[in-house]
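Whenever a hint applies, use it, and build me the whole structure from the sequences.
So the protein lines, in turn, are chains C and L. Heads up: the first sequence is residues 1 to 104, going by this note's numbering. Heads up: the second sequence is residues 1 to 155, going by this note's numbering.
It should be emphasised that the hints constitute simulated quantities derived from the structure, not laboratory data. Do not take every clue at face value.
Keeping only pairs whose Cα atoms sit at most 30 angstroms apart, straight-line, the calculated DSBU-like set for lysine-lysine is [claimed, not checked]: (1) K52(L) x K77(C); (2) K89(L) x K35(C); (3) K60(C) x K27(C); (4) K127(L) x K50(L); (5) K6(L) x K61(C); (6) K58(C) x K58(L); (7) K99(C) x K52(L); (8) K127(L) x K77(C); (9) K35(C) x K58(C); (10) K88(L) x K35(C); (11) K99(C) x K4(L); (12) K77(C) x K14(L); (13) K4(L) x K77(C); (14) K14(L) x K61(C); (15) K99(C) x K89(L); (16) K61(C) x K89(L); (17) K117(L) x K99(C); (18) K58(C) x K99(C); (19) K117(L) x K77(C); (20) K58(L) x K127(L); (21) K77(C) x K58(L); (22) K6(L) x K89(L); (23) K127(L) x K58(C); (24) K124(L) x K60(C); (25) K60(C) x K88(L).
Where chain C lies over chain L, by a calculated footprint (3+ residues, C-beta under 8 angstroms) [to be verified]: (26) 6 to 14; (27) 25 to 37; (28) 89 to 101.
Here are some, though not all, of the chain C residues that point toward chain L, as calculated from beta-carbon distances under 7 angstroms [what the hints assert, rightly or not]: (29) T76; (30) K77; (31) Y80; (32) G85; (33) G86; (34) G88; (35) K99; (36) C103.
The C-beta atom is built at its ideal place from N, Cα and C for all residues, glycine as well.
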Amino acid sequence: MATATLGGKSIEVNDEGFITNQEDWSKEIALDIAKNLGIEMTDRHWVVVNYMREDYAKTKKSPTVRRITQNTDVNTKELYALFPGGPGKKAANIAGVPKPAGCV
Amino acid sequence: MDEKIKKVSIIVSKGSLEGIYPGLIMANGARMEGIEANLFFTFFGLDAIKTKTIDNIKVATVGNPGMHIPTLIGALPGMSALATHMMKKTMAELDIPPIHEFIEMCHDAGCMLYACKASVEMFKLEKNDFIEAVDSIITVGDFYEMAGGGEIIFT
Numbered sequence: 001m002a003t004a005t006l007g008g009k010s011i012e013v014n015d016e017g018f019i020t021n022q023e024d025w026s027k028e029i030a031l032d033i034a035k036n037l038g039i040e041m042t043d044r045h046w047v048v049v050n051y052m053r054e055d056y057a058k059t060k061k062s063p064t065v066r067r068i069t070q071n072t073d074v075n076t077k078e079l080y081a082l083f084p085g086g087p088g089k090k091a092a093n094i095a096g097v098p099k100p101a102g103c104v
Numbered sequence: 001m002d003e004k005i006k007k008v009s010i011i012v013s014k015g016s017l018e019g020i021y022p023g024l025i026m027a028n029g030a031r032m033e034g035i036e037a038n039l040f041f042t043f044f045g046l047d048a049i050k051t052k053t054i055d056n057i058k059v060a061t062v063g064n065p066g067m068h069i070p071t072l073i074g075a076l077p078g079m080s081a082l083a084t085h086m087m088k089k090t091m092a093e094l095d096i097p098p099i100h101e102f103i104e105m106c107h108d109a110g111c112m113l114y115a116c117k118a119s120v121e122m123f124k125l126e127k128n129d130f131i132e133a134v135d136s137i138i139t140v141g142d143f144y145e146m147a148g149g150g151e152i153i154f155t
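If you want it as structure tokens, here you go:
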């Protein structure tokens, strides 16, 4: 298990850079993870990230791309534009929830 | 870790529900991983992008050993509709979208959609027989060109 300096603290992360203890998550950490992914967080990014956190808290599963687009006002096109090169994975990483396990 | 896949071009050649879904799941899955993806519809695969047929795709209950029902029973009226209904229900529970929505979703995710020119001519079809999301009708030569440097998957 590796550690990374995120939000000014030393945080435990897995080999894909996902934080391993969900309680560690903070907005500052999210901003640092986003920066490392080359993403500058806007209000629209937060809509997705906040939804992922809410849904994960309720279901204990990271929402899939389709679930995100069905339950927020962010559509597929916008989601891919907000998180280029892998929207589900990158948004989950920033939201401090595990990588989405679904195939769709 | 081995070298990452950067591009996949997936050929959909069948027009049954079970013939179409795997290609869509793989194309959408590629986009979710940041992999460039193309879908190429040929022969009966064209049913997946034709306005007339896209909302009416059924499971094949005859000549489909995976169904585990005798061919004669599979041929009874309503069997295909019943199997389709059951499979759609299970898929909805798993959050897998219906074919029409799934194809639009792949397109919105940046996957290119192509119809095979030879098949389009064989079935006497035109561009306006297809849903709007279809990018263009291309030849097999065009297909190989755009598939260049990537993996080709035939379904």
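A quick look at each hint next to the structure:
Between K52(L) and K77(C) the CA atoms are separated by roughly 25 angstroms; this keeps the pair inside 30 angstroms, and the hint holds. The straight-line distance between the Cα atoms of K89(L) and K35(C) is roughly 41 angstroms, outside the 30 angstroms bound, and the hint therefore fails. The hinted pair formed by K60(C) and K27(C) meets the criterion: a straight-line CA distance of about 20 angstroms does not exceed 30 angstroms. Restraint check: the Cα-Cα separation between K127(L) and K50(L) comes to about 9 angstroms, which is no more than 30 angstroms; the hinted pair holds.
A threshold of 30 angstroms between alpha carbons decides the hint, and for K6(L) with K61(C) the separation of about 28 angstroms falls inside it, so the pair holds. This hinted pair does not check out: K58(C) and K58(L) have alpha carbons roughly 35 angstroms apart, beyond 30 angstroms. Of the pairs offered as hints, the one joining K99(C) and K52(L) is violated, with about 38 angstroms between alpha carbons and a cut-off of 30 angstroms exceeded. Pair hint K127(L) plus K77(C) holds up; C-alpha atoms about 24 angstroms apart against a cutoff of 30 angstroms.
Note on K35(C) and K58(C): the hinted pairing holds, with a Cα-Cα distance of about 27 angstroms set against a maximum of 30 angstroms. This hinted pair does not check out: K88(L) and K35(C) have alpha carbons roughly 41 angstroms apart, beyond 30 angstroms. This hinted pair checks out: K99(C) and K4(L) have alpha carbons roughly 18 angstroms apart, not beyond 30 angstroms. Note on K77(C) and K14(L): the hinted pairing holds, with a Cα-Cα distance of about 28 angstroms set against a maximum of 30 angstroms.
Between K4(L) and K77(C), the direct Cα distance comes to roughly 24 angstroms. Compliance with the 30 angstroms bound is thereby established for this hinted pair. Distance hint between K14(L) and K61(C) is unfulfilled; the C-alpha atoms sit about 34 angstroms from each other, more than 30 angstroms. Between K99(C) and K89(L) the CA atoms are separated by roughly 26 angstroms; this keeps the pair inside 30 angstroms, and the hint holds. Between K61(C) and K89(L), the direct Cα distance comes to roughly 21 angstroms. Compliance with the 30 angstroms bound is thereby established for this hinted pair.
For the hint linking K117(L) to K99(C), the alpha-carbon distance of about 39 angstroms lies beyond 30 angstroms, and the restraint is violated. Taking the CA atoms of K58(C) and K99(C), the gap is about 16 angstroms. The hint holds against a cut of 30 angstroms. A C-alpha spacing of about 28 angstroms is found between K117(L) and K77(C), which places the hinted pair at or below 30 angstroms, so the restraint holds. Between the alpha carbons of K58(L) and K127(L) the distance comes to roughly 24 angstroms, so the proposed pair stays at or under 30 angstroms and holds.
At most 30 angstroms may separate the alpha-carbon atoms for a hinted pair to count; K77(C) and K58(L) meet this at roughly 28 angstroms. A C-alpha spacing of about 34 angstroms is found between K6(L) and K89(L), which places the hinted pair above 30 angstroms, so the restraint is violated. Under the criterion of a C-alpha separation no larger than 30 angstroms, the hint pairing K127(L) with K58(C) is inconsistent with the structure, at around 45 angstroms. For the suggested pair K124(L) and K60(C), the alpha carbons sit about 51 angstroms apart, so the restraint of at most 30 angstroms is broken.
Annotation: proposed proximity of K60(C) to K88(L) holds, straight-line Cα distance about 25 angstroms (limit 30 angstroms). As drawn, the segment 6 to 14 of chain L meets chain C at 0 residues by the rule of a beta-carbon pair under 8 angstroms; below three, the given contact is violated. With 7 residues having a beta carbon nearer than 8 angstroms to a beta carbon of chain C, the segment 25 to 37 of chain L meets the requirement of three or more and the stated coverage holds. Evaluation of the coverage hint for the segment 89 to 101 of chain L: fulfilled, as 4 residues show C-beta separations to chain C shorter than 8 angstroms, against a requirement of three.
Against a cut-off of 7 angstroms between C-beta atoms, the interface hint on T76(C) holds, since the closest Cβ of chain L lies about 4 angstroms away. A least Cβ separation of about 5 angstroms between K77(C) and chain L falls short of the 7 angstroms threshold, and the interface hint therefore holds. Hint on Y80(C) holds. Least Cβ distance to chain L is approximately 6 angstroms, under the 7 angstroms limit. Checking G85(C) against chain L by beta carbon gives a least distance of about 3 angstroms; that is within 7 angstroms, so the hint holds.
At a threshold of 7 angstroms, the smallest CB-CB gap from G86(C) to chain L is about 4 angstroms, leaving the interface hint in force. Because the closest C-beta pair between G88(C) and chain L is about 5 angstroms apart, less than 7 angstroms, the hint holds. With a cut of 7 angstroms, the hint placing K99(C) at the interface with chain L is violated, because the nearest CB-to-CB distance is about 11 angstroms. A least Cβ separation of about 6 angstroms between C103(C) and chain L falls short of the 7 angstroms threshold, and the interface hint therefore holds.
The structure is inconsistent with the numbered hints 2, 6, 7, 10, 14, 17, 22, 23, 24, 26, 35, although it conforms to all the rest.
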